[in-house]
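A.B. asks: Sequence:
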Amino acid sequence: MKFFYIFATYIQIIIRIMKNLVEKINAEYEVFVSNANAQVEKGNKAAGTRARKAALELSKLMKEFRKVSVEASK
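According to the numbering used here, the sequence shown is numbered sequentially starting from 9.
It should be emphasised that the hints constitute simulated quantities derived from the structure, not laboratory data. Note that the coordinates shown come from a computational prediction; the quantities given were computed from them, not determined experimentally. Cβ atoms here follow ideal geometry from the backbone N, Cα and C, with glycine treated the same way. Not one of these hints is a red herring.
The following label-pair restraints were derived from C-beta to C-beta distances: (1) V30 / K10: 27 to 35 Å; (2) K10 / E49: 57 to 65 Å; (3) S81 / N45: 30 to 38 Å; (4) G51 / E72: 29 to 37 Å; (5) Y13 / Y37: 32 to 40 Å; (6) T57 / I19: 39 to 47 Å; (7) G56 / F15: 43 to 51 Å; (8) K75 / I14: 18 to 26 Å; (9) I19 / V48: 38 to 46 Å; (10) M70 / Y18: 18 to 26 Å.
Take these sequences, add in the hints, and give me the full structure.
C.D. replies: In structure tokens, the structure reads:
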């Protein structure tokens, strides 16, 4: 019975982590889209730099999500 409680708690923690990552991914994606559009539509070079920075952060977040997702599916 104790094992089941620990396992259920572990699953809840994993789900919370995944939800948090999805929120961060969505927020960072909005930053990327906003800055990428500013670069493309207005030629704003600084926005291009910010878009590239957001793309790198998105890449890191996606890798972390994949790692947690694989762990949750075990």
